[in-house]
Amino acid sequence: MTESIRQFFANRKLRDYATGYAFVIPALVMYVIFVVYPFFYTIYLSLTKWDGAKPVKEFVGFLNYERLFADPRLWSALSHNMIWIVLGTVTPVAIGLFLGVLLWRGLRGMVFFRTVYFLPVVLAPVAVGIIWKWMYNPQFGPINSTLRAVGLDVLAKGWLGDPYLALPSIILAGVWGYFGFCFVVIMAGLQNIDMEQIDAALVDGANGPQRLWYIIIPGLRHVLTMITAFTLILGVNVFDIVWITTRGGPGRATHVIATYTYNTAFRESYVGYGSALAIVMGLVSLVLSFIFISIRERGGD
Amino acid sequence: MASDVGASYQVARQPRRPARYWIARAVLYGVLILFALYVLVPFMWVVFTALKSNLEIAQDPLGLPPNWRFENLAQAWNQGKFSRYFINSVIVTVPIVMLVVSLSCLAGYGLARLKMPGRMLIFYFFLVGLMVPFTAIMIPLFYILRDIGVLGTYWAMILPQTAISLPFGIFFMRAFFSGLPYDLTDAAKIDGCNDFGVFRRVMLPLAGPAVAALVVFNFMGAWNAFLLPLIYLQSDKLRPVMTGMMFFTTRWGPDYSMSMAGTLIVMLPIMLVYLVFQRQFIQGLTAGAVRG
Chain B
1 MTESIRQFFA
11 NRKLRDYATG
21 YAFVIPALVM
31 YVIFVVYPFF
41 YTIYLSLTKW
51 DGAKPVKEFV
61 GFLNYERLFA
71 DPRLWSALSH
81 NMIWIVLGTV
91 TPVAIGLFLG
101 VLLWRGLRGM
111 VFFRTVYFLP
121 VVLAPVAVGI
131 IWKWMYNPQF
141 GPINSTLRAV
151 GLDVLAKGWL
161 GDPYLALPSI
171 ILAGVWGYFG
181 FCFVVIMAGL
191 QNIDMEQIDA
201 ALVDGANGPQ
211 RLWYIIIPGL
221 RHVLTMITAF
231 TLILGVNVFD
241 IVWITTRGGP
251 GRATHVIATY
261 TYNTAFRESY
271 VGYGSALAIV
281 MGLVSLVLSF
291 IFISIRERGG
301 D
Chain P
1 MASDVGASYQ
11 VARQPRRPAR
21 YWIARAVLYG
31 VLILFALYVL
41 VPFMWVVFTA
51 LKSNLEIAQD
61 PLGLPPNWRF
71 ENLAQAWNQG
81 KFSRYFINSV
91 IVTVPIVMLV
101 VSLSCLAGYG
111 LARLKMPGRM
121 LIFYFFLVGL
131 MVPFTAIMIP
141 LFYILRDIGV
151 LGTYWAMILP
161 QTAISLPFGI
171 FFMRAFFSGL
181 PYDLTDAAKI
191 DGCNDFGVFR
201 RVMLPLAGPA
211 VAALVVFNFM
221 GAWNAFLLPL
231 IYLQSDKLRP
241 VMTGMMFFTT
251 RWGPDYSMSM
261 AGTLIVMLPI
271 MLVYLVFQRQ
281 FIQGLTAGAV
291 RG
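Chain order of the listed sequences is B and P. Count the first sequence with our numbering and you get residues 1 to 301, in order. Count the second sequence with our numbering and you get residues 1 to 292, in order.
None of the hints are false.
Below, in silico cross-link-like pairs of lysine-lysine (DSS-like), each with a Cα-Cα straight-line distance of 25 Å or less:
hint : chain 1 : residue 1 : chain 2 : residue 2
1    : B       : 13        : P       : 189
2    : B       : 13        : P       : 115
3    : P       : 189       : P       : 115
Source of the hints: derived by calculation from the structure; they are not laboratory data.
Chain B on its own, in the form it takes in the complex (with noise of 0.2 Å):
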């Protein structure tokens, strides 16, 4: 036993191969242990019926999975993420946008503005939450006081009370929350941009939306994908912001995956049916990773 340890490292390749794993292999077990095997028992569950706390777990086959088509409580879940998506994508990269060109050349005061816009994004979600429910509190929120000091009674609102307001009025929140994050990282992409192709762009007459849809957007193209990448995760994972502000209230209208999984499986303890939408937002991930990666390869070359 001892000789063959000390062939081993006697061995100088086989040696080195032993360096290298020492290095990857803590690394590897916390992953192993925390991450994928938790991730194939989540398939596992999602097979069974369980509650949580009986000791048998009943295997039912693909069961989950049928009464998941027939859940309109998913659907509306889903439909809320890809709003989530588009508005919490569209919002922040055209604010950040349109500031960042305002900045880019540089101007007194540019680090007091960045520093305020990005004061928001080092808060909590569960922060920004609190703040914007207070804002949208009807009775004696600045929202609705304000409207009400300037004589706009009828514009006062139940903001996150009526189910139609209350998913744009959490966005719009998410979106303060993170909107300097999407500024400072268009203002460093504006910095690789080619100042001799905007000024031979002046020349030859080009006016300031040309200017901006010919140079300025496809200069930053590297830029947006990664933002989106960002809301994109942040649309299919958003739980915190929802969770302080409406629980998915009121009824069904702010519910999203993330919170409709955490609700069946943990408050309701449907263990083996949350596990199976706990898999359906696995899934969602993958696919949005892949449509993600193929994009960026082919905008690479």
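Given chain B's structure and the hints, the job is docking chain P onto it.
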């Protein structure tokens, strides 16, 4: 506004500025200030509300506090057990950041610079983890943590939060180490360093900025985590700041001044740290997007 895109440079060079320039400037600053107000005004109202009594809120929800009641903060601090929550947050965040950074440096370096069979396979295996959302593994993790006996201890957050942060950390550090020149390692090897010596004495000292970005990124991730402690740290004794704040504001629901005072207590430290280390924060939090 749009016609001004990229043109201010040209205009600014002219020695005498026409009136048009000043109007453009005014509109420009007006827009920038408008967005600054969009960010700052909600903060302002949190502060105002936190420092009023509930009666004062009902009478004038918008205005300055008639009496600045700083004692509200002390009351929220005591009644909300925030000292306990802050200590809990530190107890879970520090080991998470240390574990993620050290394991990511080791594995990232190994996957970037050391020879071993299956190196790319292992790297792709980690990369798949970037696509797995926490929600997809959160349910069985609860039962796994229960079965290995860590539920009811801080480890119930430290272990899974570390593990889910590793794929990005490894991806990030591998990209960094791959970019370093090979002459350095070769020189150190000729001088008699072994692989670990090269890593510790030559590579790691160069990794300062990357490590700093990773520290900020993971500190924020762990400190701000909500769903994970909501599920795995349910005991009030273990609760970190984020879930603690939620329970506090829920319990004091209609007591607006108390719940805003609690929110202010939680926000203030991170905002102050941000204002001091602004550059590092912005670099750390955007590192993934700007580099990738």
